[in-house]
Amino acid sequence: MDFVSRLQNVDRRIIYILLILVTAVPMISPLNLPLSISPGTTEFFNIVDALEPGDTVLFSLDYAPSGAPDVHPIAAAVMEHLMDKGVNVVSVSFWDAGPMFGEQLMRHYEELGYEYGVHFANLGFVPGQETAIKRFGENVGTVSRDFRGNPVSSLPIMEGIKDTRDFALVIDFVAGNPGIQEWVRQVQGSLGITLLAGSSTVNVPQTMPFVDSGQVKAMLAGLRGAAEYELVMGKPGASVAKMDAQSLGHIVIILFIVVGNIAFFLDKKR
Amino acid sequence: MSLIPNTATLLVTILTMAAIALVGINRSKSGAWTPTIRRLAGLDAIEEAVGRATEMGSPVHYSPGIGAATDDSAPQTFAGLEVLGYVTQLTAKYNTEIIVTIRQPNVFPLAQEIVRQGYMTAGRPDMFQEDTVQFLSNEQFAYAAGVMGIMNRRHVAANIMMGAFWAESLLFAEAGAQVGAIQVAGTAAMGQIPFFVAACDYTLIGEELYAAGAYLSQDRVKLGSIAAQDIVKGIAMVLIFVGSLLATAEIDFLANLLKK
Amino acid sequence: MRREVPLIITFVVGVIVLFANMFEGPLQAWSSELTGWLIIVSAFAVGLASVNLFRIHGTALMRMRPGWFNSLALIVALIVFAVIGTMARLGGDEKINNLNQNLYDSIIGPLGAAMFAMLAFYVASAAYRAFRMRSAEATVMLIAAILTMIGKAPIGELIWNKFPVIAEWLIDIPNTAGQRAIMIGAAIGAFATSLRILLGLERGHLGGAE
Numbered sequence: 001m002d003f004v005s006r007l008q009n010v011d012r013r014i015i016y017i018l019l020i021l022v023t024a025v026p027m028i029s030p031l032n033l034p035l036s037i038s039p040g041t042t043e044f045f046n047i048v049d050a051l052e053p054g055d056t057v058l059f060s061l062d063y064a065p066s067g068a069p070d071v072h073p074i075a076a077a078v079m080e081h082l083m084d085k086g087v088n089v090v091s092v093s094f095w096d097a098g099p100m101f102g103e104q105l106m107r108h109y110e111e112l113g114y115e116y117g118v119h120f121a122n123l124g125f126v127p128g129q130e131t132a133i134k135r136f137g138e139n140v141g142t143v144s145r146d147f148r149g150n151p152v153s154s155l156p157i158m159e160g161i162k163d164t165r166d167f168a169l170v171i172d173f174v175a176g177n178p179g180i181q182e183w184v185r186q187v188q189g190s191l192g193i194t195l196l197a198g199s200s201t202v203n204v205p206q207t208m209p210f211v212d213s214g215q216v217k218a219m220l221a222g223l224r225g226a227a228e229y230e231l232v233m234g235k236p237g238a239s240v241a242k243m244d245a246q247s248l249g250h251i252v253i254i255l256f257i258v259v260g261n262i263a264f265f266l267d268k269k270r
Numbered sequence: 001m002s003l004i005p006n007t008a009t010l011l012v013t014i015l016t017m018a019a020i021a022l023v024g025i026n027r028s029k030s031g032a033w034t035p036t037i038r039r040l041a042g043l044d045a046i047e048e049a050v051g052r053a054t055e056m057g058s059p060v061h062y063s064p065g066i067g068a069a070t071d072d073s074a075p076q077t078f079a080g081l082e083v084l085g086y087v088t089q090l091t092a093k094y095n096t097e098i099i100v101t102i103r104q105p106n107v108f109p110l111a112q113e114i115v116r117q118g119y120m121t122a123g124r125p126d127m128f129q130e131d132t133v134q135f136l137s138n139e140q141f142a143y144a145a146g147v148m149g150i151m152n153r154r155h156v157a158a159n160i161m162m163g164a165f166w167a168e169s170l171l172f173a174e175a176g177a178q179v180g181a182i183q184v185a186g187t188a189a190m191g192q193i194p195f196f197v198a199a200c201d202y203t204l205i206g207e208e209l210y211a212a213g214a215y216l217s218q219d220r221v222k223l224g225s226i227a228a229q230d231i232v233k234g235i236a237m238v239l240i241f242v243g244s245l246l247a248t249a250e251i252d253f254l255a256n257l258l259k260k
Numbered sequence: 001m002r003r004e005v006p007l008i009i010t011f012v013v014g015v016i017v018l019f020a021n022m023f024e025g026p027l028q029a030w031s032s033e034l035t036g037w038l039i040i041v042s043a044f045a046v047g048l049a050s051v052n053l054f055r056i057h058g059t060a061l062m063r064m065r066p067g068w069f070n071s072l073a074l075i076v077a078l079i080v081f082a083v084i085g086t087m088a089r090l091g092g093d094e095k096i097n098n099l100n101q102n103l104y105d106s107i108i109g110p111l112g113a114a115m116f117a118m119l120a121f122y123v124a125s126a127a128y129r130a131f132r133m134r135s136a137e138a139t140v141m142l143i144a145a146i147l148t149m150i151g152k153a154p155i156g157e158l159i160w161n162k163f164p165v166i167a168e169w170l171i172d173i174p175n176t177a178g179q180r181a182i183m184i185g186a187a188i189g190a191f192a193t194s195l196r197i198l199l200g201l202e203r204g205h206l207g208g209a210e
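Chains as they are written, first to last, in the working numbering: chain A, 1 to 270; chain B, 1 to 260; chain C, 1 to 210.
Don't take every hint at face value.
[Claimed, not checked] Below, computed lysine-lysine pairings styled on BS3-like, alpha-carbon distance capped at 27 Å:
(1) B:Lys29 x A:Lys134
(2) A:Lys217 x C:Lys162
(3) A:Lys162 x A:Lys217
(4) B:Lys29 x B:Lys233
(5) B:Lys260 x A:Lys162
(6) A:Lys162 x A:Lys134
[As the list claims (entries may be wrong)] The following label-pair restraints were derived from C-beta to C-beta distances:
(7) C:Leu7 x B:Thr121: 10 to 20 Å
(8) B:Thr121 x C:Thr86: 10 to 20 Å
(9) B:Ile240 x A:Asp96: 51 to 61 Å
(10) C:Arg65 x B:Ile231: 47 to 57 Å
(11) B:Ala18 x C:Lys162: 47 to 57 Å
(12) C:Leu99 x A:Glu111: 15 to 25 Å
No wet-lab data here; the hints were simulated from the structure. Since we're looking at a predicted model, the values are computed, not measured. Cβ coordinates follow ideal geometry from the N, Cα and C atoms, glycine included.
This is chain A alone, in the form it adopts within the complex:
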């Protein structure tokens, strides 16, 4: 096999090894590349920042361990902002693995002295996918016990909350379906709630039409969205460091695409 053919058919293992190297190195030693803030992130931040202490926000945690590295950092960054502001958080999930992430978010603040049931509560998993979102959206009382087994009516945070319009905001942290499409279709359209999204990167293209139409007021997109949010909050964290790895990963992919195309042209010329 000559040089041009080799360039056209680089062994995929070489691509994989290079990708591992360029993503692992900045994780160990961050490069601190500058990160600009996209308008969507600023808009998301402003909506959340305008909330008053004592308001209650609903988190719909619709992701699983697989999508968590991309979505959970967004939920963690927004949770930090809300706790700082004294805004309460109620979480619910239409994915069976979702409540575990609710627990992860809340346990951290319980250790810091926040109180479960007062500052936050985890309503757990509601089976039934799109139908469940519709029912829950119209009547929060369809969930009678929270994830920890407490009667929902006994939680002070749930006082006065009948349907999702009683939340100041609904934020869907989402890595697929059911998720933002179902929230828009079944609840936002009919009840007119203020809906925000924290979407996995792969889901951004399909969430974007709803953002443009105004049905989703603002969106944080994947790990980068989390990193930008941390920066806007003035609390850069783990997500910012991970962006360096993503940058270099993108560069490697682009380089391989360019190499493949140069070889393709050389081959065509022969």
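Chain A is fixed; fit chains B and C onto it per the hints.
Here is chains B and C on its own, set in the frame of chain A:
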């Protein structure tokens, strides 16, 4: 029985779409109208893929997606199962093994029945084996790992994926490419279409998947329904255009009407 | 009759569930009841599917087929997860609950995340293989992909501060237009398919010839 507030538009839309579809079906059935579907290269390629698997003596892998038969991805799943019937008959004709992998338990008995019946119709009931249709796992990535393992171990020569897919789409398509399989995919899951387009040989995009059953069977009833779909799409386009004009002129009459 | 009964059930159940979304009254109660039945039927389907798993992998194990150890691992995992999960669900003590949680956190969680992480590698190899300037359309797709990738990574704005703006425009305008077109077309297609199933015109899922 009273109408739930804000559902009038929904009801009118459903009834209108149903009426148009029924008229289309009836006209096509009576022969008053003969709709044709444009060439769908992806579906034409299925026979070529099965033929190639036959030449190589390797099996065909088929996945009807990871959506259930009972949620909003069900139409995609049913469209995938429709194509499965066709692929089964092709494999029976060419005497080639097919491996059908399933993620959703409620799709499993349907797929089993389709393949079993397909072989019986083709006069080859002996081809149906216990592991022809395999339930792997209802955990998304456990299913993905299982499929990738089967593709690698069995060196499948054709990989056909029709239905609702999520993040595992590229895992399947790349695993298929690595074993050199000819790959035909079809999905209406918008986030996954780019992955299939990039990594597969042929891809059915969005509504093309729903037209597969009609295209393969050339059944007049189905063809009528597909053609009626285009009329509905035309109405949607007119509504979008008029809506855009009205919105530009800051007239919210149509938007308010559709919210009712 | 073998065909007619499922078709009648599909029609009756479909109509009830569909119109329960629009009419108040008994339809909603019936729809709710049917959803309950659905969960029970689905549970039986899980049982049926598990039996299939046991039969295929049990046979592989007994006949010591190549890769039999994978079948053994699967059967052991299936039994362990089912037993521990059921015990925890039926109100097991704290030890069982912790064990159940740990099985999830330490096995399913990392395995799922590992599989998802593989996507990064597969995206790289798929992009390298597929993004060749073979035609005008492929060239447009390639350029759009590169601009989006570079514009979405922090390093892009270091190179040229307009890259993020271009990437944002690509996602906001052409992507949204395309996505909307596919979304509307697919939704109408899904409706027509559902209608055909409801009316028994599309019956390929019942098996056999039309």
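Hint by hint, here is what the structure shows:
no.: 1; hint: B:Lys29 x A:Lys134; verdict: violated (38 Å)
no.: 2; hint: A:Lys217 x C:Lys162; verdict: holds (25 Å)
no.: 3; hint: A:Lys162 x A:Lys217; verdict: holds (23 Å)
no.: 4; hint: B:Lys29 x B:Lys233; verdict: holds (21 Å)
no.: 5; hint: B:Lys260 x A:Lys162; verdict: holds (23 Å)
no.: 6; hint: A:Lys162 x A:Lys134; verdict: holds (14 Å)
no.: 7; hint: C:Leu7 x B:Thr121: 10 to 20 Å; verdict: holds (19 Å)
no.: 8; hint: B:Thr121 x C:Thr86: 10 to 20 Å; verdict: violated (41 Å)
no.: 9; hint: B:Ile240 x A:Asp96: 51 to 61 Å; verdict: violated (37 Å)
no.: 10; hint: C:Arg65 x B:Ile231: 47 to 57 Å; verdict: holds (54 Å)
no.: 11; hint: B:Ala18 x C:Lys162: 47 to 57 Å; verdict: holds (50 Å)
no.: 12; hint: C:Leu99 x A:Glu111: 15 to 25 Å; verdict: holds (23 Å)
In this structure, the earlier hints numbered 1, 8, 9 are contradicted, and the remaining ones agree with it.
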